[in-house]
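S.K.: Between the sequences and the hints, there should be enough to build the whole structure, so can you do that?
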Amino acid sequence: MKRNDFFLLLLLLLGTLAAFLLRPEPSTAKAEHIQVTVNGKMYGTWKLNTPQTITVSTPYGENVIRIQNGAAYVSKADCPSRDCMKLKPVTNSGDTIVCLPHKLVVEGKSKNGNGGIDTIAH
Amino acid sequence: MAKKITTAGIFTAVALILNYMEMLLPFNIGIPGIKPGLANLVVLLAIYLLPPAEAFAIAICRILLAGLFSGNGIALAFSLAGGLSSFFFMLACFKSNCFSPTGVSLAGGAVHNIAQFITALLLLQTQALLLYLPFLLLAGIAAGFCNGLLVVKLLSRLGKIHIF
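First to last, the protein sequences are chains G and C. In terms of my numbering, the first sequence has 10 at position 10, counting the first letter as 1, and numbering is strictly consecutive. In terms of my numbering, the second sequence has 147 at position 147, counting the first letter as 1, and numbering is strictly consecutive.
If you're looking for bench data, these hints aren't it; they were derived computationally from the structure. Fair warning: this is a prediction, and the values are worked out from it, not measured in the lab. Don't be surprised by glycine CBs; every beta carbon is placed ideally from N, CA and C. Careful, some of the hints might be misleading.
With a straight-line cut-off of 25 Å between C-alpha atoms, the simulated SDA-like cross-links for lysine to any residue are [claimed, not checked]: (1) 35(C) / 57(C); (2) 2(G) / 146(C); (3) 88(G) / 134(C); (4) 86(G) / 62(G); (5) 86(G) / 22(C); (6) 160(C) / 100(C); (7) 86(G) / 138(C); (8) 2(G) / 52(C); (9) 30(G) / 130(C); (10) 95(C) / 7(G); (11) 76(G) / 128(C); (12) 2(G) / 96(C); (13) 3(C) / 53(C); (14) 111(G) / 129(C); (15) 35(C) / 68(C); (16) 76(G) / 35(C); (17) 35(C) / 87(G).
Partial list, computed: chain C residues near chain G (C-beta under 10 Å) [stated by the list, open to error]: (18) 74; (19) 78; (20) 103; (21) 107; (22) 123; (23) 133; (24) 140.
M.R.: Laid out in C-alpha cells, this is it:
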C-alpha cells in the first residue's frame, strides 16, 4: 500500500507544479486605479494618485480601504481574522487584496486594463 | 444505539477541541487561512474505525458546530465545501484499499483545499486567486501528510481497544 501513496504524492506534487505555471503573471507596471468588487460584482473604482479613504459597507461586513502614496491597503476591517489588513498594499497592476469572509477583492488596474505585460517572448 | 451516539459524540468533541487547540500553535506563515487541520485527523480515524454512516455524522457535526461556534457564516460555507469533499474522497480512498492512512490523509488534505479554492473562485470570480493555489496545495499536502503519519500511529494503538 505504501507504494501507491508515493504515486499519489507524486501526482499531487505535479499538480502543484501545474498550479505554479497557471499563476497570473505578476506585473511590473504601476497600477493607476483600483477596482473593488464584492461577490464578483463591481463595487467601484478609485484613482491611486489621490489620497483618500473608502469605506466599503456591505451585508457581508465592513472594510476601510486607504489610498496613500499610490498604494491601496485595508486600514480597518471587521472580519474575524483580519487577514486582509496584513496583506501587502496594492501598488502594481494585478496586485490584489482579498477579504474572503466579506467577498471583497481590491485589484490594481492600469489604464489599458490588462496589466503592463502584453506579451512575453522566450 | 446509545453506544453509537456516545462514540460519535466523543469523536466530534475531540475534533472541535483540536480545532481550537490548533489556533494556539504559532502557525503564522503569512498566507491567510492555512491551518494544520487536525480536525480532519479525527474524521479520518472515524473512517477507519467506524461504519461510514457514523463517520459521516461525525464529519457533518464537527463542521456545523465549529461553524456555529466561530460565528462566521461565510467560513461555514467554505468549511462545508472543503470538509464534505475531503470526507467523501477519503472514504472512497479508504474503500478502494489502495492507499495507507498516510495516502488517504494526503488526498483528503489536498481535496479539502482544492474544494475551498474552487468555492472562493466561484464566489469572488477573480483570476488573482490563482496566485494562492500552489501554496494552498502544498499546505494541504503537507498537513495531510503529517496528519496521516499521526493517524497511522493512533490506529495501531486504538485498534487494540475493543470499544468500537
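S.K.: Minimum Cβ distance from residue 107(C) to chain G below 10 Å?
M.R.: holds (6 Å)
S.K.: Taking the least C-beta to C-beta distance, is residue 140(C) closer than 10 Å to chain G?
M.R.: holds (8 Å)
S.K.: Is the Cα-Cα distance between residue 35(C) and residue 87(G) 25 Å or less?
M.R.: holds (18 Å)
S.K.: Under the criterion that the straight-line Cα-Cα distance not exceed 25 Å, is the pair residue 76(G), residue 128(C) satisfied?
M.R.: Given pair residue 76(G), residue 128(C) holds - Cα atoms ~22 Å apart, limit 25 Å.
S.K.: CA of residue 95(C) to CA of residue 7(G), is that 25 Å or under?
M.R.: holds (18 Å)
S.K.: Against the 25 Å threshold, does the CA-CA distance of residue 88(G) and residue 134(C) hold or violate the hint?
M.R.: holds (19 Å)
S.K.: Can you verify the interface hint for residue 78(C): is its Cβ closer than 10 Å to any Cβ in chain G?
M.R.: holds (7 Å)
S.K.: Has the given pair, residue 3(C) with residue 53(C), been kept, meaning a C-alpha gap of at most 25 Å?
M.R.: holds (14 Å)
S.K.: Would the hint on residue 133(C) stand, with a C-beta cut-off of 10 Å toward chain G?
M.R.: holds (4 Å)
S.K.: Checking one constraint from the list: CA of residue 160(C) to CA of residue 100(C), max 25 Å. Satisfied?
M.R.: holds (18 Å)
S.K.: Below or equal to 25 Å on CA atoms is what counts here, so check residue 2(G) against residue 96(C).
M.R.: holds (14 Å)
S.K.: Using the nearest Cβ pair, does residue 103(C) come within less than 10 Å of chain G?
M.R.: Holds, because the Cβ-Cβ distance from residue 103(C) to chain G comes to roughly 3 Å (cut-off 10 Å).
No hint from the list above goes unmet by this structure.
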